[in-house]
Structure formats: C-alpha cells, structure tokens
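If you read the sequences in order, they're chains A and B.
Be aware that the first sequence starts at 1, since it is given in the working numbering, and climbs by one per residue.
Be aware that the second sequence starts at 1, since it is given in the working numbering, and climbs by one per residue.
Honestly, I wouldn't trust all of these hints.
[Unchecked claim] Computed, partial: chain B to chain A, Cβ under 8 Å: (1) 43; (2) 45; (3) 46; (4) 48; (5) 56; (6) 71.
By construction, these hints were calculated from the structure, which means they are not laboratory data.
Quick caveat, the model's predicted, so the values are computed rather than measured.
Backbone N, C-alpha and C define an ideal beta-carbon position, used for all residues, glycine too.
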Amino acid sequence: MAQMINLRRRGLLRGSGITVLSASAVALLAGCEKMAVAQSGNGSTANDVGILNTALALENEAISAYQLGAQSGLLQKPVLEVAVSFQTHHKEHRDALIATIRKLGGTPVPAKSDAEVAQALNASMLKTQTDVLRLAQRLEKGAANAYIGVIPSFGDRGLAQVSARLAADETMHWTVLSQALKDPLPAKALSFGA
Amino acid sequence: MRMALPPLAMIWAMLALAAAVDTAAAADAARGQELYESRCGGCHSLDANRIGPAHRGVYGRKAGLAPNFSYSTAVRNATVVWEEKTLDAWLTNPQALIPGQRMNFRVALPEDRADIIAYLRQQSGK
Chain A
1 MAQMINLRRR GLLRGSGITV LSASAVALLA GCEKMAVAQS GNGSTANDVG
51 ILNTALALEN EAISAYQLGA QSGLLQKPVL EVAVSFQTHH KEHRDALIAT
101 IRKLGGTPVP AKSDAEVAQA LNASMLKTQT DVLRLAQRLE KGAANAYIGV
151 IPSFGDRGLA QVSARLAADE TMHWTVLSQA LKDPLPAKAL SFGA
Chain B
1 MRMALPPLAM IWAMLALAAA VDTAAAADAA RGQELYESRC GGCHSLDANR
51 IGPAHRGVYG RKAGLAPNFS YSTAVRNATV VWEEKTLDAW LTNPQALIPG
101 QRMNFRVALP EDRADIIAYL RQQSGK
C-alpha cells in the first residue's frame with residue numbers, strides 16, 4: 001500500500017494540521033472550559049481525562065484509517081471527497097479532545113503511526129472501494145457506540161454532553177457510509193448503544 | 001420414602017439451579033459476536049492491540065496480560081482473572097471493579113453482557 005501513496009494527496013490530507021484550535025473545536029468545548037478549570041484537582045477529573053484520552057486514541061485511529069483509505073487509490077470520486085471530509089471531522093474531534101485534556105491538566109496520548117494502525121486493522125486486505133467503506137462503516141459504528149457507552153462514566157455532565165455530540169457525528173458518518181454501500185435502514189429503533 | 005429436604009426448600013433449590021442453567025444456556029455467543037463487533041469493535045479486535053488490548057484468549061486470563069499492550073497501572077496491578085463474574089462486573093462498571101482503569105465503557109443490559117462474555121469465552125476456547 002505504501003507504494004500507492006500519492007504524495008500530493010498525502011500533503012493535502014496532512015495539511016489541515018493540529019496547531020490551531022478549529023472553530024468546531026472551540027464550539028464543542030464551549031461551556032466546558034469553566035467546568036474544566038473549576039474541576040482541577042477534583043477526584044473525578046483524572047477519570048474524565050482517562051476517558052478523553054481513550055477517545056483521543058480512537059480519533060487518532062480513525063484519522064489514520066481514512067488516511068490509509070485515501071492513499072490506497074481504491075476510493076473514487078465522490079467517495080474520496082466524502083472520506084476526506086470525514087477525516088477532517090475526526091481531526092476537529094482530535095483537536096477538541098486535546099484542548100480539553102490539556103485544560104483538565106492531563107497529557108494527550110500520542111498517535112500511533114499509520115503503519116501501526118494499518119497492521120492492527122489488517123489494511124493489506126483492502127482490495128476494493130467497498131472493502132474500504134466497510135472498514136470505515138465498522139469503525140464509525142464502533143466509535144459512536146464507544147462515545148455512547150462512556151457517557152455514564154463521566155464525572156462532568158458537560159463532558160458527557162460532548163461525548164453525545166461526538167457520537168452524533170460518528171452516527172452521521174455511519175449513515176452516509178451505509179447509504180453509499182446501499183445497506184438497508186436499521187429495522188428497529190435504538191440500534192446504537194445500550 | 002422420606003425426602004432429605006422439605007418440599008418447599010427443594011423446590012426453591014431446583015428453581016435456583018434451573019435459573020443458573022437457563023442463564024448459561026441463554027447466553028448467545030452468536031448474538032454476542034454481533035454485539036462485540038458493534039459495541040466493542042470501536043476500540044478492540046480479537047487478534048490486534050488497538051485502543052484496547054486484543055481479546056482472543058482473554059477468558060480465563062489474569063487482567064493486564066495481553067502481550068505487547070500498554071496497560072494502565074491499575075489494570076496491570078489488578079489481581080482479577082477474567083471469567084463470567086468478573087467480566088460481568090467489568091462491563092457493568094469498569095471503574096467500580098478496577099479504579100484507575102482507562103476503559104470506562106459500560107454495557108447496561110445484563111443479557112447483552114452475558115452474550116458478549118459468551119462470545120469472548122468461545123473465542124478463548126474455554
């Protein structure tokens with residue numbers, strides 16, 4: 001897969017960077033900043049930081065997964081543009097999580113390399129656009145459910161709400177990917193979380 | 001012939017045994033696989049360490065021993081062995097079982113937890 005990397009595309013994908021807090025990240029954090037400062041030293045804060053760092057690891061994996069998909073040469077327009085757009089969302093999630101972790105006095109976990117993620121996700125088995133979309137669909141559903149599943153564990157209810165908003169984004173991604181794959185709608189309500 | 005237990009106590013004992021058997025029999029590993037992939041798959045795989053450790057072989061193993069995974073100090077030092085009771089407690093509220101852990105993901109419904117555990121047990125060859 002490494003030989004298939006389009007360097008111009010790679011530059012495009014990497015270009016959005018992480019040094020500037022995006023407008024979305026600022027909006028996501030709105031209302032949490034005062035709570036974050038007020039909670040410094042609180043016993044539940046360390047646990048909240050742990051949850052956010054797990055979420056950050058998940059977002060970093062998603063960014064790498066979309067990177068691998070985009071670089072594979074398997075995605076055609078307009079699917080490629082959608083994948084890049086979703087990757088941008090995940091970068092904004094990452095930025096917001098890093099900012100929140102730092103405000104809470106924590107240290108953001110570093111991202112694994114794309115190569116490590118590729119191995120963990122068995123990316124060498126991706127042979128078609130459908131394979132890439134299925135992987136993305138599976139990861140997005142898992143991410144949505146992860147964000148829902150940690151909501152009861154947050155000490156800060158504002159952060160629990162942020163988790164719900166992140167889950168909504170992942171669910172939107174899953175829905176679009178499912179539509180692209182022409183999957184049927186879920187037969188029953190409440191198909192996410194528990 | 002005189003019974004060793006009074007009839008009422010025997011009935012209760014039989015009901016308790018039946019309930020235990022029903023719980024084990026009711027756990028559905030196939031449904032557990034679906035739940036595992038949709039609920040746990042965001043962070044876990046059977047054979048690869050990702051956000052969380054690889055899960056094949058987890059049933060019956062002491063906590064914190066998946067090869068090459070960087071655990072929290074709390075999980076690494078825990079004495080918990082993963083079997084039905086401990087996995088159920090873990091999936092109910094990880095922080096209550098091992099304070100300082102990093103998962104924090106909860107599965108609310110007992111039947112969902114039972115099915116996921118049945119799948120993990122199956123995939124661990126137990």
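*Which earlier hints can't be squared with this structure?*
The structure conflicts with hints 3, 5, 6, although it agrees with all the remaining ones.
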